[in-house]
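Using the sequences plus the hints, can you model the full thing?
Below, each chain spelled out in residue letters.
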Amino acid sequence: MPYFRITLLRSAIGLPAKRTGVLQALGLRKRMATVYHPVSQDVAGQIMKVKELVDVAEVEYPLTKGEMKKMRTPDPGYYVERRAGDVRAELEGR
Amino acid sequence: MFGPFKLTSPLSGGLLWKIPWRLSRPQKLRHRQRLQHVDAVVATVDRALAKQFLSTKGLERWKAEMPTEGEMLPKDKYTIFDRKAKKYRKGIHSTFCWSSFIGGRGGGLAGWLQERGREDIGRDGLV
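Protein chains in written order, with our numbering: chain A, 66 to 159; chain B, 5 to 131.
Just so you know, the hints here were simulated from the structure itself, not pulled from any lab data.
By construction, the Cβ of each residue, glycine as well, lies at the ideal position given by its N, Cα and C atoms.
One or more of the hints may lead you astray.
Once the Cα atoms are required to be at most 27 Å apart in a straight line, the calculated DSS-like pairs of lysine-lysine come out as [stated by the list, open to error]:
(1) B:K32 <-> A:K114
(2) B:K79 <-> A:K114
(3) B:K61 <-> A:K83
(4) A:K83 <-> B:K81
(5) B:K61 <-> A:K114
(6) A:K83 <-> B:K67
(7) B:K94 <-> A:K114
(8) A:K114 <-> B:K55
Cβ-to-Cβ under 8 Å is the rule here; a few derived chain A residues that face chain B [as the list claims (entries may be wrong)]:
(9) R75
(10) G79
(11) K83
(12) Q106
(13) V119
(14) V121
So the derived label-pair ranges between C-beta atoms look like this [stated by the list, open to error]:
(15) A:G79 <-> B:P78: 22 to 28 Å
(16) B:K22 <-> A:R94: 33 to 39 Å
(17) B:L11 <-> A:G79: 51 to 57 Å
As structure tokens, then:
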């Protein structure tokens, strides 16, 4: 089931209150917020109302908040080695 | 006549517009990019709906009536109708929130004000 990935690029500050209402209905509360909605005529109509403010892409499945955070988190540059005891216990367990 | 209180044209006179009458080259470039972005959004929505054999009235109307960025004339891109301006055109950047409303295509607040002959209100931010 395809989804629209909608990201708010530009704020609706200073625009008619109806635009803010559409953004609220889409679940976009601040800039750079991303929401996923199933592809439907209703959502398409909402996007058309705020097309100057948002970025839209069609994706196969929605990502959770955690997954999106993981994608934008850079590699920390280190990794934690496991304790030798844990490793041995694992080997003996086999 | 030096320092923070030096006599300049804006300080010595009353009303002096400091907004240039035309857009600069980078402003025009960014404006075109915004127009292209709107085209891309509409195309994405259209493509996604077409896969499910769907469409909406607003989308069909947009496709039938609205030119894409490439099809627009420079006159429509960078200027907008004004009944008080010389030759009835003024720079698009003199409309309120012009970069959020892509007003050259007759939509948004610029078009709304134009319909009512109140394009001067938007410029002062009184909307």
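Verification of the supplied hints:
1. At roughly 24 Å between alpha-carbon atoms, K32 of chain B and K114 of chain A fall within 27 Å of each other, so this suggested pair holds.
2. Annotation: proposed proximity of K79 of chain B to K114 of chain A holds, straight-line Cα distance about 25 Å (limit 27 Å).
3. A distance of roughly 19 Å separates the Cα atoms of K61 of chain B and K83 of chain A; the hinted pair therefore holds under the 27 Å criterion.
4. The straight-line distance between the Cα atoms of K83 of chain A and K81 of chain B is roughly 25 Å, inside the 27 Å bound, and the hint therefore holds.
5. The suggested pairing of K61 of chain B with K114 of chain A holds, with an alpha-carbon distance near 13 Å, which does not exceed 27 Å.
6. With a C-alpha separation of about 23 Å, the suggested pairing of K83 of chain A with K67 of chain B holds against the 27 Å cut-off.
7. With a C-alpha separation of about 26 Å, the suggested pair K94 of chain B and K114 of chain A falls inside the 27 Å cut-off, and the hint holds.
8. For the hint pairing K114 of chain A with K55 of chain B, the CA-to-CA distance comes to about 21 Å; that is within 27 Å, so the pair holds.
9. Taking 8 Å as the C-beta contact cut-off toward chain B, the hint placing R75 of chain A at the interface holds, the least distance being around 6 Å.
10. Given the 8 Å rule on beta carbons, the hint for G79 of chain A holds: about 5 Å separates it from the nearest Cβ of chain B.
11. The closest approach between the C-beta of K83 of chain A and any C-beta of chain B is roughly 11 Å, which is over the 8 Å cut-off, so the hint fails.
12. The interface hint given for Q106 of chain A is met, as the beta carbon of that residue sits about 5 Å from the closest beta carbon of chain B, less than 8 Å.
13. Taking 8 Å as the C-beta contact cut-off toward chain B, the hint placing V119 of chain A at the interface holds, the least distance being around 7 Å.
14. With a cut of 8 Å, the hint placing V121 of chain A at the interface with chain B holds, because the nearest CB-to-CB distance is about 5 Å.
15. The supplied range of 22 to 28 Å is met by G79 of chain A and P78 of chain B, whose beta-carbon atoms lie about 27 Å from each other.
16. Between K22 of chain B and R94 of chain A the Cβ separation comes to about 35 Å, which falls inside the hinted range of 33 to 39 Å.
17. At roughly 34 Å, the beta-carbon separation of L11 of chain B and G79 of chain A lies outside the given 51 to 57 Å, and the hint is violated.
Hint violations for this structure: numbers 11, 17, all remaining hints satisfied.
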